[in-house]
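For the record, the sequence lines run as chains A and B. Just so we're aligned: 43 in UniProt numbering is position 43 of the first sequence, and the numbers increase by one with no gaps anywhere. Just so we're aligned: 245 in UniProt numbering is position 245 of the second sequence, and the numbers increase by one with no gaps anywhere.
Since the hints were derived computationally from the structure, they do not count as laboratory data. Check before you lean on any hint, since a few could be wrong.
What the hints assert, rightly or not - Using 30 Å as the maximum straight-line C-alpha spacing, the simulated DSS-like pairs for lysine-lysine come out as follows:
1. Lys162/B / Lys240/A
2. Lys83/B / Lys251/A
3. Lys496/A / Lys72/B
4. Lys368/A / Lys11/B
5. Lys72/B / Lys366/A
6. Lys10/A / Lys134/B
7. Lys83/B / Lys496/A
Claimed, not checked - Covered stretches of chain B, going by a simulated chain A footprint (3 or more residues, C-beta under 8 Å):
8. 98-112
9. 237-244
To be verified - A short list of chain B residues far from chain A (calculated; beta carbon distances all over 12 Å):
10. Glu52
11. Met131
12. Thr233
For each residue, glycine too, the CB sits at the ideal point set by N, CA and C.
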Amino acid sequence: MLEGIRQVGKAYRESTSRGFIFSLVNRPPEDRDGSKKHLLAMDFRIAEGCIELSFPELSDRVCEEYLWVGNCKGSIPQDRLTTDQLRYLFFDALPNLNSKLEDGELKETIAEVVGKFFTEAGVGSGKVRFLDIRKVRDFPSTIELPQAEDVKKFQREYIKLFFKLLKEHYNFSDKDFGLFSLLIEGKKPSELEEYVTYLERSMVEEQFKGSFRGTCYVCGREDQLTFDTTRLPDKFYITKLIIFSSDLAGKSKDAGFAKNFALCRECYKDLISGMRYLRNYLSASLARNTLYIIPGLFSNPVEKTLTTSWMDLSRRLVVSTFTPEGFLKFREEVEQELKDYQEFAKLIDYGYVDLLFYRSEQSSFKIKRLIREVPLRRVQEIREALEETRKLGAELLGESKDWLLSLNGMYYLLPVRSGAEVEHRKILDVYEHLFLGYPLDRNLLMHFFLTLAQVYYFGRPDYNVNPGNNSEWGLVRSILQTQLLLKFFEKLSLLKGGGKTVEANLEVLGEDIAQYVRRMGYSEEETALFLLGYLIGEIGARQLRGSDSAKKPILNKINFNGMSAKRILALSNEVFEKLDQYQIRKYNEKTFAVMKSLLDAHIKNWKLSEAENVYYILSGYAFCTYQMVTRNKRGEEEEEQ
Amino acid sequence: MEVLVFDILGKMAHFRQYYTNSSSLSYFFPPRTTIFGMVAGILGLPRDSYYELFSQDKARVALSIRSPLRKKIQTVNYVWAEKPAQFNLSAGQHTQIPLEFVLPYDYRELVVYRLFLWHGDEQLFSRLKEMVSKERVCFPLYLGISECLAHLSFVGLGEAEKEEFDGEVEVSSVVGTEYLRRNECFIGFREGAFYVKELMPFSFDAERRLNQPPREFVGEVKTGTIQLRGRGTVYRVKISGFKERIIFMED
């Protein structure tokens, strides 16, 4: 993983011509509400003694011009000219920056700015220094400052006051801004050379102040090294606790962390750039988890090196399996765009990705799961299996967008308790098996599917799946999707197919049923249950017809926790009675006969589990109901025409 | 060359990747430095005293993965200590660390690594042979951390003979990427194989600092065997009952 991140950083640094700091520029903060965000630029006009405001719309270019490289992490004093927290600019950043800058023109200018544009007020028993917003052009020079007992409250009130004035004079509210920045005499942060040099110094050189000679733990070069990783953006390695240091010796040049892990300057820069690039361009979200997609090349006879375009392609390939939209987009945009498909095919044999699922809160970074060295060839196989499954769905059930499965879609077919971290690991387990080709446990999947049915049927709110308004239809569609999911897993050799396939003459039941059963590869027991479920679907439809309620009492006969073979036998008898009761036996005689003969043939030596019994009944029920609904819809459409 | 062959077995393992600690990831197989740490434990050598005794020119080892492996992350509580005085829990808090364990694919089985070991110091080597053949250890064996206790199982003493290859060869040990580069070999990809690449420390000086660059090794964690294509030299090890091809980590 470390080498992967370094390679990413190296490739990125080589692709940017403007120097190290520019490789750390972040992308604009995401707008959650979808609206366009702006940067609030405050330009100090020293000669005129006023602050001019401007509001460029956020874009990658703007982030680079204003050098948005993130705030200082943890307890490090804030000193950035561009930040996503206005309070840093109003209170701390400039005085902090001034104290840290080396002597020079910028330091003098900032001292002048602080002297001219900052003011002080008494808060509680102390004093607070802050940017004087009365100097903003167009703002009134007589503004009543907020009164507060403590500094934090004062800061909050002061910022509130600023945005109130901003609304009045410029019609912008706080929600319109994603970033805030300071300019000096019209010069943006990226144009202030001393500031750029300072940033590099504070991010790299300060960590090397206590450097020592040794072998770099990443590239193996003999060089000046540091063990200080406090400024690395993603902290999966920390030096704060001595429990992790050699001999519990803590921070020392000769012992402790110096013997655990130390880096040379170039590797340090590569890692920072790599981590930033991962966050900016190689991150994604899957099943409500954030992850990095770290590309790499395995033992590589084609002698290719990692490039930003290859990294982007690797990410897009992986992400295309996450959602149906992504899948189609990749096919339309990327596969057709690829000028040299042969080159792509060659690289795909040696390319892999590490999928790093993580949780990041403030400065802490915890790894939830690392799925390592997933060959891109495997990702392609997953794509192909998704496409084949879609085709199977369309063939057996008719065209629908529902049959294009996706990794994110699976999350809603394999329900887990909301909020429970342990439960969420289960879905990551499934992804791991999928990417690495480990076999899946059929019983575990059956457990998931029965829970899914319970969530829809009983409307259980404590799961990640929301049954929505039409839970009946949701149940039908989801069960059919799980059927395709099983076929998808079989295609990828994660599951063995069922037992012996059915030999009975199913064609008497109609082409649709026969084809579905055969293509799904049901064993005779599974077919019996499927047909039993089909009959329940017929009865349910009849029950709906004569009733005002949308309930199907026949479904109450199914125990969603699992049913023994004995209970199945009893249910088949009840189904027979109901067919008679609703006078639909004559239409379903053949189905019942085939079902009963298969059931009787195996009931003494029943191989399926209680969960499987229910699942295959629900499969038949879902198939029947889906057919009826879509047939009715088609009929209505034809009538309209 | 005579090699001592023995297995190290345990329920689980954790070989912390040196660049992770607040989330501790594990290698799939032990680095060379850890292997010789275990060997030193078998011999009862004091802590930090043996690094030069097992330097590249004095000792050779090949490592074979003998059980299908998988990994799981389990969060554990560590003592929060920023200074020695806080080891008595006086900081009043713990830190939760996601710890990655290496486990056998089938939880009922064991994690098994096979070592093929040679040492140039006859006296030391014969002491080791004696200890291992009697399946005795001076200090308890563990796979990475003391929570992952292990035991050893003597396989035999074999003869490792050099063998040139030109074309394809199957080796049952992990292979250094430097070896692949030097010999212009590459790995033949097999259906269902799961190759992993691990960047690991290789050897320490007497002060427990790296005295060589870390090295990258490739291992296959489902079957343990790697199909090599190209030209190079491997070692054929014959012990009664089996014959295997290996590549030493030092090669």
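Cross-check of the supplied hints:
1. A C-alpha spacing of about 49 Å is found between Lys162/B and Lys240/A, which places the hinted pair above 30 Å, so the restraint is violated.
2. Note on Lys83/B and Lys251/A: the hinted pairing holds, with a Cα-Cα distance of about 10 Å set against a maximum of 30 Å.
3. Between Lys496/A and Lys72/B the CA atoms are separated by roughly 24 Å; this keeps the pair inside 30 Å, and the hint holds.
4. Distance hint between Lys368/A and Lys11/B is fulfilled; the C-alpha atoms sit about 22 Å from each other, no more than 30 Å.
5. A C-alpha spacing of about 14 Å is found between Lys72/B and Lys366/A, which places the hinted pair at or below 30 Å, so the restraint holds.
6. A threshold of 30 Å between alpha carbons decides the hint, and for Lys10/A with Lys134/B the separation of about 51 Å lies outside it, so the pair is violated.
7. Among the hinted pairs, Lys83/B with Lys496/A is inconsistent with the structure: their alpha-carbon atoms are about 54 Å apart, more than 30 Å.
8. Here the stretch 98-112 of chain B counts 3 residues with a CB under 8 Å from a CB of chain A, which clears the bar of 3, and the coverage holds.
9. Check on the stretch 237-244 of chain B: 0 of its residues sit with their Cβ under 8 Å from a Cβ of chain A, so the three-residue criterion for coverage is violated.
10. Its beta-carbon lying about 16 Å from the closest one in chain A, Glu52/B satisfies the requirement of being farther than 12 Å from that chain.
11. Against the 12 Å criterion, Met131/B stays outside the reach of chain A, whose nearest CB is about 27 Å from its own CB.
12. Against chain A, the non-interface label of Thr233/B holds: every CB pair exceeds 12 Å, the least being about 18 Å.
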